[in-house]
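A.B. asks: Now for the letters of each chain:
Protein chains: 2
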Amino acid sequence: MATKVGLEEVRAAATRVSGSLHRTEVITCSTLDFMSGYKLFFKTEMWQKTGSFKARGALNAIKSCLERGSNPPMIVTHSSGNHGQAVAWAAKHCQLPCTVVVPEGTPVVKCEAIEGYGARLVKCHPTPTGRKEMADKIAKETGGKIVHPYDDYDVIAGQGTIGLELIKQVEDLDVVLVPISGGGMTSGIAVAVKSIKPDCKVIAVEPEGKDLWRSLESKERLWPNPPQFLNTIAEGIMTQQVGQVTFPLLCDLVDGVITVNDKEMAEGCRLAAERMKVMVEAASGAALAAALSDKMKDFAPEGKKIGVILCGGNVDMKKLPWLLEKVINQ
Amino acid sequence: MATKVGLEEVRAAATRVSGSLHRTEVITCSTLDFMSGYKLFFKTEMWQKTGSFKARGALNAIKSCLERGSNPPMIVTHSSGNHGQAVAWAAKHCQLPCTVVVPEGTPVVKCEAIEGYGARLVKCHPTPTGRKEMADKIAKETGGKIVHPYDDYDVIAGQGTIGLELIKQVEDLDVVLVPISGGGMTSGIAVAVKSIKPDCKVIAVEPEGKDLWRSLESKERLWPNPPQFLNTIAEGIMTQQVGQVTFPLLCDLVDGVITVNDKEMAEGCRLAAERMKVMVEAASGAALAAALSDKMKDFAPEGKKIGVILCGGNVDMKKLPWLLEKVINQ
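Line order of the protein sequences matches chains P and Z. Heads up, the first sequence is in this note's numbering, so the first residue is 1 and it goes up one at a time. Heads up, the second sequence is in this note's numbering, so the first residue is 1 and it goes up one at a time.
For reference, chain P alone in the conformation it holds in the complex (with noise of 0.2 Å):
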């Protein structure tokens, strides 16, 4: 694993990971400008492979594992989401058998998904710590590689190149709104646009309870132990805690927190929905729901020009966020 991050490591992973991967486009809509106030930008995961930008770092960190001369009979990754299907696709692009660790319990469409490119199911109890534990005895076991989230910088590298692109696709960008989990996508693109254009603002967006700002001040990590899942509609940005590894990135580099409850981001889907006929899921909605918030105007004055990562686009057809009974009756 790579033992740091910066430009050089981004800009090396976008060389690596370029003709496999998207160049994404960069969208407007004067709807949307109108709406906020603001000129907007949005990058569009969603058409990335896999429907989100965690191809990026999968393929990011695999291709460095083979370049470094470490030939890993498998890989190993724990996820039902973005990542783990993200990593299924990686690992076949790259030739090598690949197991995802799922919970028991989790949706068919999503287990086909990650079967459909080729990886092999495991299912384990429904617990954050049953997922870790059974990935690590695979990896153990088989002598596979795992590739973590968003704790390894190779990761971070790959996601890194979102921002790259960005700051290259959208001149004298102001600010960046980028939806956070664990922090491997915000740290990745603050890395890349800090280092190109240092007076643009980086701004986390996060859900209700993950209470970001207040550990990035103090620089302490504040959250309860052991790590929880935040009660939100958004599946991308449930996880509460960022990573011991993005924790400092995001501590030097971030400008920002902007807080968006689940009607908020709702809300988001259903304009790019309607105004952009792009089909986005809630944690892309939570940007578009941050450009469209009266925070923003702590960041950045009317006019200004705003890049909003929409970060993923797998939605399940039939519980659209706008939809959803929890949203509806909020």
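The set of hints was computed from the structure by calculation and includes no laboratory data. Just so you know, these numbers come straight off a predicted model, no measurement behind them. Ideal placement from N, C-alpha and C gives every residue a C-beta, glycine not left out. Treat the hints with care, since some could be wrong.
[Claimed, not checked] Heads up, simulated BS3-like pairs for lysine-lysine below, C-alpha to C-alpha not over 25 Å straight-line:
(1) 319/P to 295/Z
(2) 319/Z to 318/P
(3) 295/Z to 201/Z
[What the hints assert, rightly or not] Going by beta-carbon spacing under 8 Å, a handful of chain Z positions derived as facing chain P:
(4) 270
(5) 273
(6) 274
(7) 313
Use these hints to put chain Z onto chain P, whose structure you have.
C.D. replies: Okay, now just chain Z, sitting in the frame of chain P:
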């Protein structure tokens, strides 16, 4: 009004509207290629101004009218749907006042969309004849110009620009699948495509109950009168009869018809959202459904290049096609 439409008129329309309208992208999806057995090329008219292809014909009709030196004090049309929005937008774009006649009971969201483009709304009895009479009355009183949704050579030429673009964007296209209602888009695309690449097949995609092929083959209008609406979830293609102006063009130029039912259209919309992360309306879903249907084998062997017109993306976000009870219980 123009008195004919050929490649020259479509090319003139393209020049006339360029700069004001989008040259919509063509997108692809490997999963849908695999599912269909073809190479599918999706023309993304849901990203056209006003969210549907209708902006092309409306703008060409109004601009052509101005070019011919007539200076109508008012633009008039009757449509609560995509055509109403498109005419309202095009009139505003040309700085002309606009009145749109809509049937009583039109959902508030549609009325707001039309008013959002600055047009005046007039309500009328909710029958095809009621709408037409009211529009005629207003046009007579104001000296206004009526923009017909399809039976107008300028409108047909405007829609034809889709075909002109597509045939340039995709080399060696074998088939184009076009959702059909009054036939303005289908005849326009057919004029353009057949003029440039005569061996490219133009297939109209219709809802059940339209029975277009029988009339085309016999070159006789075999539909019952007065004109009826079909019982379909696809509001955009409900009209049973094609136009008086479009019919002879369709008889000459259309190579075949594929019929799809509500469930197939809804599944087309679901797949577009799930696999391509784009939001399209039921008429667009119809074109994708046709590409996936067994009937395609009558027109092209596996592996051929198929253009699929995603004609619009104006969907009520609370009534998504694949979640409609009517579809689920079918």
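A.B. asks: Now look at each hint and say whether the structure bears it out.
C.D. replies: Structure-based check of all given hints:
Of the pairs offered as hints, the one joining residue 319/P and residue 295/Z is violated, with about 32 Å between alpha carbons and a cut-off of 25 Å exceeded. Of the pairs offered as hints, the one joining residue 319/Z and residue 318/P holds, with about 12 Å between alpha carbons and a cut-off of 25 Å not exceeded. Proximity of residue 295/Z to residue 201/Z is assessed by CA-CA distance (about 14 Å); at most 25 Å being required, the pair is judged to hold. Checking residue 270/Z against chain P: minimum C-beta separation of about 5 Å stays under 8 Å; hint holds.
Below 8 Å, beta-carbon pairs count as interface contacts, and residue 273/Z has one with chain P at about 5 Å; its hint therefore holds. Annotation: interface hint on residue 274/Z holds; nearest CB of chain P at approximately 5 Å, less than 8 Å. With 8 Å as the threshold, the beta carbon of residue 313/Z comes within range of chain P, its nearest partner Cβ sitting at about 4 Å, so the hint holds.
Violation of the numbered hints given earlier is confined to hint 1; every other hint is satisfied by the structure.
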